[in-house]
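**Student:** Spelled out, the chains give:
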Amino acid sequence: MPREMAPGVTEGYIKVAPKVTRDGDKVTIDSAGVYYKQLNEAIRSQIADGAKHIVLENVNGQRYIGTGVKAKDVKINVHGTAGNDLTMFMDGPTVEVFGAAQDGVGNTMNAGKVIIHGDAGDVLGYGMRGGKVYVKGDVGYRVGIHMKAYENLVPIMVCGGKARDFFGEYMAGGMLVLLGMNTQFAEQPLVGSFVGAGMHGGVIYIRGTVESWQCGKEVGVTEADEADMAELKPILADYCECQGMDLAEVLSEPFIKLKPFSHRPYGKMYAPM
Amino acid sequence: MPTSFIQPEFKVKIDYDKCHKCGRCVQQCGWGVYNFNERPIPDDSKCRACHRCVTYCPAHCISIEKNQLAYRDNDNWSPAARKAVWRQAETGGVLLTSMGNPLPYTRIFDHLVLDACQVTNPSIDPLREPMELRTFIGHKPDSVGVEPDGNGGFRLAEGEGMKNNLMLDTPILFSPMSYGSVSLNVHKSLAMAAQRLGTFMNTGEGGLHADLFPYQDNVIVQVASGRFGVSPDYLSRGAAIEIKIGQGAKPGIGGHLPGEKINKEVSSTRMIPQGTDAISPAPHHDIYSIEDLRQLIYALKEASGYKPVGVKIAAVHNVAAIASGIVRAGADYVYLDGFKGGTGAAPQVIRDHIGIPIEIAIAAVDQRLRDEGIRNWASVIAAGSIRSSADVAKAIALGADAVAIGSASLMALGCHLCQSCHTGSCSWGITTQKPELTRRIDPEWGAEQLTNLVHAWSHELQEILGALGVNAIESLRGSRERLRSIGLDEQMNKVLGVKPAGM
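Residue numbers (the working numbering), protein chains in the order written: chain E, 202 to 474; chain L, -13 to 489.
Just so you know, the hints here were simulated from the structure itself, not pulled from any lab data. Relax, there's no trap hidden among the hints.
Quick partial rundown of chain E residues pointing at chain L, CB under 10 Å, derived from the structure:
1) R264
2) Y265
3) V270
4) F290
5) D304
6) H347
7) G374
No residue lacks a Cβ here, since even glycine has one placed at the ideal position from N, Cα and C.
Generate the whole structure from the sequences, applying the supplied hints.
**Tutor:** In structure tokens form, the structure reads like this:
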């Protein structure tokens, strides 16, 4: 017998349009048990209808929330746990998750802002070209992989907890920050191995220290100097405001800076025939 | 010590009695072979045998010959093998080359022959009778629901029939080649030709230049591991989206477009800074499984309003099982690239030794999808050295829905297969970004050359179909009974699902 989760909704997802309540340009969508396709159709059609603030209630792992959404001045609040590929290819909106997110947040994202008041999974910001991702807690493997910048598009990701291996792998542009503060893994190292492996652009700031063996051979580690902190401070101020944290406390520990040695790490690897 | 053990591969001979001393050869050569001192003086070591100078010499006084240096006989150590060792001893580098695998592996297409009608059923004359080449790429329904139309006939029931298929007027597409690896004028030529032919060109992993927007309904946009130029706008412009997992010339490895090729225009479509290496990682780091692939396929569908999404893979040993997974992951087509497929740059060891022939991959994948009852879920596009309309017909008879041509299309634009794309100095103005070279291709002329080639092949396909006594390419698709093999062993016949000639 299927278990009843809510009136009319049985275990597993149902492929029907969710319940939508509209109040001016604010829309509330009950996501309980709704399949991602119908949920995202509802979000897109509400935005097309001029909705500016979308509140998603009872989100439970639905994928692709905000994926491919191109809109300015649109705010999406997610209550619950966002599923994989949250805000993939997104161009513009602000998405705030009151809970945790899974893998692939900000995948190939163009612009916008993602605020996660919890932890997030693996492969965050893959190929991200612009916008901001602020995670309050811990993050998984391959976070910030292949982030890249182009002209006025500069992606920024700040993670408040700890990170696993391959942090900033292949990074080609933008800024990746790790604070190590809001963590549930007190005993674990701040970050795993292979930090910045294959990195050829952009910058990583870490609050605390890493051992040289943890880093990819393509990066150099220095203490963040005054100019670096001047670059970092406004971003951390914005992050703290979004996450309800104390900037002074964040700045109370020194930061280190990881930069690649070369924009062309493999330039001399080949012998043309 | 000698500067290099490697002697010139070619000799440039000029008949100075005929030479006009006009300097055209000096100007035409992209490799800087010629110096001019009262007459052109060639430096043999720089010659790539691309024949640009030969073609443009008004006096026809240049010939390129092989430098026939005698080596002590040794079948095991070919001159090319010796040269490779010397080059690596000099440089310590990974040998980098381009175009397709040139080694003398068995060319299976050349061991397959097609059938024709004689006496017992009539052949068809395609010049005077309809002959259908139209091809649909995408998911086909498991069954077709019909309902009475009220006039004694039937019509498709509501919601039935094909959805989101690409319509091709001929079963030939242009294969993915990125802007960056080829010039913008090549991209424009391909896009214009695709529009005129009712088929599709493919951006490769280099983004879509604004000059191609007018042709976007005939463009497949590619998403590869570097995600270069991929944005919501890009996804919304393409007629279909293709996830590139692998390439026949370099299965399993990523790509590096060197920083010196990333000029202002190339940087704008890839959306990366000028002068940095464009590094495509070997895998997509959000795809480690078929489930992950499904996640990306549906992310692209979600982001594009459910356009067709295809997946391109290199033909490798386990291609049938992989293709089955791709189809089950929701792909609308599987693009198989055989090991003779071309490339703008690849390590020689990878190009020449990894992957399997496209003929085998087509047969294995088609059979596997049939056995599993999912052949209609997705189309199969085959590529990797399709050299003629005969190869097209044989590929389709083996089980492909359509083929894609890369090397052949570049040859239509002047490519002489000198295997030097990676140098960025293509004298024909194809695989270069140097403005003095890229302007050698006028897109209008290029589009005409490409249109001519595909028209000619399409006419030949119609002739082949007529000889086979069928009036639609659909009737040849997967019909291996219309093929026979010559000179292949029993095991190979079994793999291909083809009988030997005489049976």
